[in-house]
Amino acid sequence: MYLWKCWRDTRWFFVVFLAIAALPMPMAAFASHFGTVIRDAGPMAFQNTFMMVVTAVAYALATICAIQEFTDKTAHFLFTKPRSRGYFVWTSWIVGFTELLIVAAVNLFVGWRVLAHYGVSAFSDGGPQSWNLVSPQSFIEAAIYACFAYALTFALAAILRSGLKGLGASLGLLAGMVGASVALQMRWKIHLPVPPQQIGHLPLALSECAWVMLALLFVLAAQLVVERAET
Amino acid sequence: MTRLAISTERLTKAYGHINAVQQLNLHVPRGAIYGFLGRNGAGKTTTIKMLLGLVRPTSGSARVLGMDTSTDRIAIFQRTAFVSEKKTLYPLLTPKELVHFSRGFYPTWDDAAVEKYSQLLEIPMTQRFDKLSNGNQTKVFLLLALAQGADLLILDEPTTALDPLTADEFLRVLADSAIERGCTVFFSSHQIEEVERIAEFVCVMDRGRLLLESRLDDIKGEFRLIIAVGNSLPRQTSSQVLSVVADGDCCRYFVTQDAEGFAAELAREGATVTQVASLGLREIFLHLVRKEPPCISGNAGATLVGSSSSF
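Those sequence lines, one after another, are chains A and B.
If you're matching positions, the first sequence starts at 44 in our numbering and goes up one per residue.
If you're matching positions, the second sequence starts at 220 in our numbering and goes up one per residue.
Derived from the structure by calculation, the hints contain no laboratory data.
Among the clues, some could well be false.
Here are the simulated lysine-lysine pairs, DSS-like style, with alpha carbons at most 27 Å apart [to be verified]:
{"id": "1", "chain 1": "B", "residue 1": "K335", "chain 2": "B", "residue 2": "K350"}
{"id": "2", "chain 1": "B", "residue 1": "K315", "chain 2": "A", "residue 2": "K116"}
{"id": "3", "chain 1": "B", "residue 1": "K305", "chain 2": "B", "residue 2": "K335"}
{"id": "4", "chain 1": "A", "residue 1": "K208", "chain 2": "A", "residue 2": "K116"}
{"id": "5", "chain 1": "B", "residue 1": "K315", "chain 2": "B", "residue 2": "K350"}
{"id": "6", "chain 1": "A", "residue 1": "K116", "chain 2": "B", "residue 2": "K305"}
{"id": "7", "chain 1": "B", "residue 1": "K315", "chain 2": "B", "residue 2": "K335"}
{"id": "8", "chain 1": "A", "residue 1": "K116", "chain 2": "B", "residue 2": "K439"}
{"id": "9", "chain 1": "B", "residue 1": "K305", "chain 2": "B", "residue 2": "K350"}
{"id": "10", "chain 1": "B", "residue 1": "K305", "chain 2": "B", "residue 2": "K315"}
{"id": "11", "chain 1": "A", "residue 1": "K208", "chain 2": "B", "residue 2": "K335"}
Every value quoted in this text rests on a predicted model; they were computed, and no experiment measured them.
Extracted from the complex, chain A is given alone in its bound form (with noise of 0.2 Å):
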């Protein structure tokens, strides 16, 4: 049941961002007369486009489903069904995430089959990388960066109960950690790896998978805070 309840508080927004996923590369298509400018950047505008959206999605999707209970002052109703919080708070962050799932598979596709269209190939074979040929490797960094954003600023808006604040303390937090990075790499010689960057000399698939797991710690976090919370 609160499955369908928060699908039902994110479905609008969802239609909106299936369509912001669904339409830039075919108007970017119809825009370029016809396809010209396609077939000379595609790849990249698609490649941006995806980077685009998908991290304004995660942002989007984490401020309005985190735990509206807490804003909406309607916590005393939820946390008195007989379910535990922790319930409540994964079940509000899977339907985000399907849903950002979701908006990125169908931008990956409309974006493949717009290139396909017009007969140009998305992806390099591997090989040393042309300027309108993208690596699959920044399509998987763009998601992981998405997910770890989208987990980071849910759990923040679940913890600050507000969405909002939760997105500012979210950019906040990850704006920090870029800075801080850049200054110890200028001052110290030491590079501390930001999402989705390699983690120390960790396989890059290993590095991946750590970047997801600190993602899931933090709704973790969040859980543990929302069952001790006092409403």
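Put chain B on the given structure of chain A with help from the hints.
Quick look at chain B alone, frame taken from chain A:
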């Protein structure tokens, strides 16, 4: 099975230096309609939140339907319905959708009750919650609570902001359904008349302390107002005389326990006892919680609690 629906033992909640609830010992019998009276800030809502695990006690313990509130929360929620002081629900959902949402949580959900009470209370089931009047919003809460098939209904100031007609209808449905289904109703209020109207047991709380807990009939039989005229009448409060208001040679005594004996004693000392009157719950409540020194010095809490308990 315990015969108490709710029991607390030295339940205490402190926020910093402020004691919201102090050493509270409540005894709510199963199947009773129990009115929880107190002024604003008396500690009623904090107590209810502790019973439901929404707030952690600083010390003490509470049991609801025989289960420990600190460890058996989910089991308690399966058998307890709660109407919050904040009558806020998901604004975009209609009552029909709220029923759909709530139904899945409870195996004991009663669709026939939804049908019955939605018609009885005349709730517009397809209108968005935020478009409903205050009265209808409160009725939706009651509908959801009654349809849950709970053994215990906890209501925190359910009739606040309702007009007299709607409040009357609300209380009538609440009392009738409680009697029909044999469930326990525990409701807080500062509306003395409504407590007096439907409650079988009453508890009075003030400044976090329990002042009085007993059957309503016992409470009414317990307290008397004695008006006496005479020279040098006693003006001290005691465990029996809770307050004294003097006006010249005339004294008004608020007395508990053996009022007739006290009146006889006054008469023996030469006073003319003009009246020994029984009191309504309103007068008793006002005497108990009034801020004026006579009542406070009487410290009703220490002596009254449990004095007439008949559980």
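Next on the checklist: Output the indices of the hints that this structure fails to meet, ascending.
Outcome noted: Per hint list: 8, 11 violated.
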